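*Asks:* Sequence:
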Amino acid sequence: MDLLALQTIDERLDAIREFIPVFKKRAVKNDQEGRFPFENIRDLKGINYTQLTAPKMFGGGEIPLYEFVRYQEEIAIGDGATALSIGWHMGLMMNLTKNRPWEEKLFSYICRKVSEGALLNVCATEEQTGSPTRGGKPLTSAVKLGDKWLINGRKTFSTMAPMLDFFVVSATIEETNDVAFFLIPRDSDGVSIKETWDSVAMRASGSHDLVLENVSIPLDYLTEKLSNRKKAATGYLLHIPACYLGIAEAAKREAVLFAKNYTPNSLSQPIFELPAIQHKLGEIELKLMQSRHFLYSVAKMWDESSPEIQNQMGPELGAVKLAVTNQAVEIVDLAMRIVGARSLSEKSPLQRYYRDVRAGLHNPPMDDMTLMLLAKRI
Numbered sequence: 596m597d598l599l600a601l602q603t604i605d606e607r608l609d610a611i612r613e614f615i616p617v618f619k620k621r622a623v624k625n626d627q628e629g630r631f632p633f634e635n636i637r638d639l640k641g642i643n644y645t646q647l648t649a650p651k652m653f654g655g656g657e658i659p660l661y662e663f664v665r666y667q668e669e670i671a672i673g674d675g676a677t678a679l680s681i682g683w684h685m686g687l688m689m690n691l692t693k694n695r696p697w698e699e700k701l702f703s704y705i706c707r708k709v710s711e712g713a714l715l716n717v718c719a720t721e722e723q724t725g726s727p728t729r730g731g732k733p734l735t736s737a738v739k740l741g742d743k744w745l746i747n748g749r750k751t752f753s754t755m756a757p758m759l760d761f762f763v764v765s766a767t768i769e770e771t772n773d774v775a776f777f778l779i780p781r782d783s784d785g786v787s788i789k790e791t792w793d794s795v796a797m798r799a800s801g802s803h804d805l806v807l808e809n810v811s812i813p814l815d816y817l818t819e820k821l822s823n824r825k826k827a828a829t830g831y832l833l834h835i836p837a838c839y840l841g842i843a844e845a846a847k848r849e850a851v852l853f854a855k856n857y858t859p860n861s862l863s864q865p866i867f868e869l870p871a872i873q874h875k876l877g878e879i880e881l882k883l884m885q886s887r888h889f890l891y892s893v894a895k896m897w898d899e900s901s902p903e904i905q906n907q908m909g910p911e912l913g914a915v916k917l918a919v920t921n922q923a924v925e926i927v928d929l930a931m932r933i934v935g936a937r938s939l940s941e942k943s944p945l946q947r948y949y950r951d952v953r954a955g956l957h958n959p960p961m962d963d964m965t966l967m968l969l970a971k972r973i
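So the sequence shown is residues 596 to 973, counted in this note's numbering.
Be a bit skeptical, because a hint or two may be false.
Here are the simulated DSS-like pairs of lysine-lysine, each with C-alpha atoms no more than 27 Å apart in a straight line [to be verified]: (1) Lys-732 with Lys-825; (2) Lys-895 with Lys-825; (3) Lys-651 with Lys-895; (4) Lys-651 with Lys-640; (5) Lys-825 with Lys-700; (6) Lys-820 with Lys-743; (7) Lys-942 with Lys-620; (8) Lys-700 with Lys-826; (9) Lys-875 with Lys-942; (10) Lys-789 with Lys-732; (11) Lys-942 with Lys-619; (12) Lys-619 with Lys-640; (13) Lys-708 with Lys-789.
Ranges between beta-carbon positions, derived for each pair [as the list claims (entries may be wrong)]: (14) Lys-619 with Ser-794: 16 to 24 Å; (15) Met-596 with Lys-895: 24 to 32 Å; (16) Pro-902 with Lys-732: 25 to 33 Å; (17) Ser-710 with Glu-606: 19 to 27 Å; (18) Lys-619 with His-888: 23 to 31 Å; (19) Leu-608 with Arg-695: 24 to 32 Å; (20) Asp-963 with Glu-770: 29 to 37 Å; (21) Gly-730 with Asn-860: 56 to 64 Å; (22) Glu-899 with Glu-769: 39 to 47 Å; (23) Asp-773 with Asp-605: 43 to 51 Å.
Read the hints as simulated data drawn from the structure, not as lab findings. Predicted model only: the values in this text are computed from it and were never measured. Cβ atoms here follow ideal geometry from the backbone N, Cα and C, with glycine treated the same way.
Given the sequences, and given the hints that come with them, work out the whole structure.
*Replies:* Pasting the structure below:
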């Protein structure tokens, strides 16, 4: 199956849905062991999913945002960690394809690598500075030595680290004190991964530490300086709420399956028939409906808008992430109330959904920043 060869969203969705039961089955062991879902990512690479947001001129699909978030939700129904991980690569390629911030030679190089199956992600978070969205200057340093950059530092939350082929790393240039981003191939001398990821949420996302010790890269691997970066809204970040929406949908399905098949000896029919259970299911369905309409309408608005209008959509994009992620947390909670104490069993996927969905509260943009953005628009 080759997603690039398929013509419609529905055809591609059907192809992706074939993997949901497989991803769901693998998720149990991967979560228990804190193991990265290598097989899932290979499956997605095998159907050319990882090329869908790359430019058409390099054999990619260059799909719109609406399609991207639809696919991401489906993957997350099978496994949230897989969706979040691959979403960063897909979103970065979508952003690079749209805005072309890199020099053409370097951009062409990375596009050719992606067409061969390479994966990349931005690694900008550091323990001392926290989230880069808060404005902290990276302690990772870049020093120009002849015709090379020498990079030293350590990055946290390097999602998909076990399978990344390239890291786009933020660093402070010692000479000028400018903050810039650098492309670092995984096979460079001095690059290592420290398996530090011990979060109870998204345990399988492989968000380990990236350690850079005297890493030497060509001068033209400086991708862009932060001071030269145009302020632009980042539509691709909608892959984040799409992921948590998928987890919420998975939780609903689990609750329905339980409610239709559980009949305590005090009843003559499954608890699905009880008004109290149907009321909770109705609440879940309403929240899912609200979330989907909000997410997909803003994604379509993005696709149909001019660059000028897109750059004014920061409040909408942030509001979608805030609303959908918080609703997803509420949906998983309702699903667990339907299932009851059994939802806390390690055998139940609901306890994993409960842990994973809360990770969304700490993905960018943060709720407080979104609310301030909405207030400023007023």
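*Asks:* Hint by hint, say whether it matches the structure.
*Replies:* Evaluated hints:
1. Lys-732 with Lys-825: 18 Å, holds
2. Lys-895 with Lys-825: 23 Å, holds
3. Lys-651 with Lys-895: 20 Å, holds
4. Lys-651 with Lys-640: Cα-Cα ~17 Å, so holds.
5. Lys-825 with Lys-700: At roughly 20 Å apart (the allowed maximum being 27 Å), Lys-700 and Lys-825 satisfy the hint.
6. Lys-820 with Lys-743: 17 Å, holds
7. Lys-942 with Lys-620: 12 Å, holds
8. Lys-700 with Lys-826: Distance of about 23 Å is within 27 Å: holds.
9. Lys-875 with Lys-942: Distance of about 23 Å is within 27 Å: holds.
10. Lys-789 with Lys-732: 22 Å, holds
11. Lys-942 with Lys-619: 13 Å, holds
12. Lys-619 with Lys-640: Within the cut-off at roughly 18 Å; holds.
13. Lys-708 with Lys-789: This hinted pair holds, its Cα atoms lying about 25 Å apart.
14. Lys-619 with Ser-794: 16 to 24 Å: 21 Å, holds
15. Met-596 with Lys-895: 24 to 32 Å: Since Met-596 and Lys-895 have Cβ atoms about 26 Å apart, the given range 24 to 32 Å holds.
16. Pro-902 with Lys-732: 25 to 33 Å: 29 Å, holds
17. Ser-710 with Glu-606: 19 to 27 Å: About 21 Å separates the Cβ atoms of Ser-710 and Glu-606, which means 19 to 27 Å holds.
18. Lys-619 with His-888: 23 to 31 Å: 26 Å, holds
19. Leu-608 with Arg-695: 24 to 32 Å: 29 Å, holds
20. Asp-963 with Glu-770: 29 to 37 Å: 35 Å, holds
21. Gly-730 with Asn-860: 56 to 64 Å: Roughly 60 Å apart at Cβ, these two residues keep to the hinted range, so it holds.
22. Glu-899 with Glu-769: 39 to 47 Å: 45 Å, holds
23. Asp-773 with Asp-605: 43 to 51 Å: 47 Å, holds
In summary, this structure violates none of the numbered hints.
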